[in-house]
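Undergrad: Chain by chain, the residues:
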Amino acid sequence: NAGVTQTPKFQVLKTGQSMTLQCAQDMNHNSMYWYRQDPGMGLRLIYYSASEGTTDKGEVPNGYNVSRLNKREFSLRLESAAPSQTSVYFCASSEETGSEQYFGPGTRLTVT
Amino acid sequence: KQEVTQIPAALSVPEGENLVLNCSFTDSAIYNLQWFRQDPGKGLTSLLLIQSSQREQTSGRLNASLDKSSGRSTLYIAASQPGDSATYLCAAVGAYKYIFGTGTRLKVLA
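Line by line, the protein sequences are chains A and B. First residue of the first sequence? That's 22 in this note's numbering, and the numbers climb one at a time after it. First residue of the second sequence? That's 603 in this note's numbering, and the numbers climb one at a time after it.
A couple of the hints might just be wrong.
Covered stretches of chain A, going by a simulated chain B footprint (3 or more residues, C-beta under 8 Å) [said to hold, decoys possible]: (1) 31-41; (2) 68-81; (3) 114-121; (4) 125-133.
So the derived list for chain B, only partly shown, Cβ under 10 Å to chain A, looks like this [claimed, not checked]: (5) I609; (6) P610; (7) K644; (8) G645; (9) Y678; (10) Y700; (11) G703.
Because the hints were derived from the structure by calculation, they are not lab data. Just so you know, these numbers come straight off a predicted model, no measurement behind them. For each residue, glycine too, the CB sits at the ideal point set by N, CA and C.
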């Protein structure tokens, strides 16, 4: 039981480049989430998916898109990376929205 | 709008001490309150989830309490150990939103 996995672990991008962060969970959870964590600002929700086939914006969605590929996988795409998107990105899942959340190990992204 | 505050931001204690970490939230209409631990460079590990109908939850040396009416939760760590050194975060859980505090960075000195 791997829990929540994320790839890649580290990434460096140049301004304007695009990339997709991958997330998968093997706990048969319905809900999945993407957060970013910045020093002094805590964790902020980017997008979430309450169930397969649905996605909704969180607190800071600008500059990001998501895809709930199936029940297991939830990807986050940066279409045109900006230095302000330098952060640590975490994926999480829960059985339902509002229930206990489980986090992946994170992706450290630097945009130069 | 829900806001979550954790005070103090940092804490150093000698090994063996019992300690309390505080979490305050502004909107009492929450589903749950969840406590996490985060080690440097790692993801968040769930410690305890207190449902809104509960007053406390226990796991080993950890005990978390919830007082919705006052907008407060505390995490009690008994007989602290150097391995407990980490950042502890709380999250106020609504229907779709998990609002996190910025954490208390704990250092337990051997």
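Undergrad: Run every hint past the structure and note whether it holds.
TA: Evaluation of the provided hints:
no.	hint	in the structure
1	31-41	violated (count 0)
2	68-81	holds (count 4)
3	114-121	holds (count 4)
4	125-133	holds (count 3)
5	I609	violated, 14 Å
6	P610	violated, 15 Å
7	K644	holds, 6 Å
8	G645	holds, 4 Å
9	Y678	violated, 20 Å
10	Y700	holds, 6 Å
11	G703	holds, 6 Å
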